[in-house]
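Visitor: Each chain is listed here by its residues.
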Amino acid sequence: MSMAVGSGGGQNADMNVTPLIDVLLVLIIIFMVINPPQPKGLDALVPQPPPPNAPKNNTPDRTIVVQLIDRGAGQEPGVKINQEDTTWDGLQGRLTDIFKTRAEKVMFVKGDDNVPFADVATVIDIAHAAGVDKVGLITAKIEAGG
Amino acid sequence: MAISKRNEGAKVNSNINVTPMVDVMLVLLIIFMVITPMLQNGVSVDLAQVNNPERMPDAEKEDAMVVSVMRDGTVYFRSDKIPVDQLTQKVKDRLASQQDKRVYVKADARAKFGAVVAVVDNVRSAGVDQLGLLTDQKKTGHGAPPPPPAGGQ
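Line by line, the protein sequences are chains A and B. So the first sequence is numbered by this note's numbering: it starts at 1 and just counts up by one. So the second sequence is numbered by this note's numbering: it starts at 1 and just counts up by one.
Just so you know, these hints were derived from the structure itself, not from any lab. Treat the hints with caution; some may be incorrect.
With a straight-line cut-off of 25 Å between C-alpha atoms, the simulated DSS-like cross-links for lysine-lysine are [what the hints assert, rightly or not]: (1) Lys90(B) with Lys40(A); (2) Lys134(A) with Lys92(B); (3) Lys141(A) with Lys101(B); (4) Lys40(A) with Lys101(B); (5) Lys40(A) with Lys61(B); (6) Lys92(B) with Lys141(A); (7) Lys40(A) with Lys138(B); (8) Lys40(A) with Lys81(B); (9) Lys138(B) with Lys134(A); (10) Lys139(B) with Lys40(A).
Let the hints inform the model, and build the full structure from the sequences given.
Guide: This is the structure:
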């Protein structure tokens, strides 16, 4: 009956909702299609303390430690391979040279507390690019033997 | 009766009533809008960008151990803020029932490495030796060594 009343004046009082539905459908499809981006990351190892009765067979002279030195806020940190100063640009080349002839591609990264994490991530990234399979993080506690 | 209805042919309204459909659509839309940001594990941080990260599909699993380090050094285990020294216990508790023994560290690019080291120390005490440092893929530049990022603020 209400319909009869509505059409009595010859005007259609219904709202045209078709464009609304179109927009909504597209929005729903967009939200369904957007997948959260796949997480990506860098592999790193943390050296565990050796079992107390393990034989001591490590050869410290062959260990490579890349060190990040804080040069104060606003300055990019310095890089050292073992005790030898290097530049950021030359780091990948040096590491590639060092690990070219090695079977065990293991490297350690150590950084000052005030170095931004992004720089450490960059070093690990460069190491992976240079062919190092295992990158270990050294902390002050690990260094002390804890 | 049916015949009498057919006789009113001139008055039949051929419009579909779309109002319930719009209702359902709106509800679906709102559900998707609410759920999408919730799908990621842990809290959201500004990740470091590197050139060749590996894919870590396990990091978005429901039970992945994600530790987030914010810019100011506060630490979140999954979505809960906790003091750094309680991390060992938390990780230890979960480790026994966990398939994936790896801990994912989601550190802000500008966080001080010292805060990350504190997390690493505590995670290590729990017996974890594999870490995944979550990073983003750098947008440009392939192959060439990345330019050194500007340190500090």
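Visitor: Is Lys90(B) close enough to Lys40(A), meaning Cα to Cα at most 25 Å?
Guide: holds (24 Å)
Visitor: So if I understand the rule, the pair passes when the alpha-carbon distance is 25 Å or less; does Lys40(A) with Lys61(B) pass?
Guide: holds (13 Å)
Visitor: Is it true that the CA of Lys139(B) sits at most 25 Å from the CA of Lys40(A)?
Guide: With a Cα-Cα distance of about 13 Å, the restraint between Lys139(B) and Lys40(A) holds, given a limit of 25 Å.
Visitor: What's the verdict on Lys40(A) and Lys101(B), does the C-alpha distance respect the 25 Å limit or exceed it?
Guide: Answer holds: Lys40(A) to Lys101(B) is near 17 Å, not above 25 Å.
Visitor: Are the Cα positions of Lys40(A) and Lys81(B) separated by 25 Å at most?
Guide: It holds: about 23 Å lies between the C-alpha atoms, which stays within 25 Å.
Visitor: Need the status of pair Lys134(A), Lys92(B): alpha-carbon distance at most 25 Å?
Guide: holds (24 Å)
Visitor: Hey, Lys40(A) versus Lys138(B), does the alpha-carbon distance stay inside 25 Å?
Guide: With a Cα-Cα distance of about 11 Å, the restraint between Lys40(A) and Lys138(B) holds, given a limit of 25 Å.
Visitor: With a cut-off of 25 Å on the C-alpha distance, tell me whether Lys138(B) and Lys134(A) pass.
Guide: holds (22 Å)
Visitor: Hinted pair, alpha-carbon criterion (25 Å max): Lys141(A), Lys101(B). Please report holds or violated.
Guide: Answer holds: Lys141(A) to Lys101(B) is near 22 Å, not above 25 Å.
Visitor: Between the alpha carbons of Lys92(B) and Lys141(A), is the straight-line distance 25 Å or under?
Guide: Status holds; Cα separation ~19 Å.
The earlier numbered hints are all upheld by this structure, with none contradicted.
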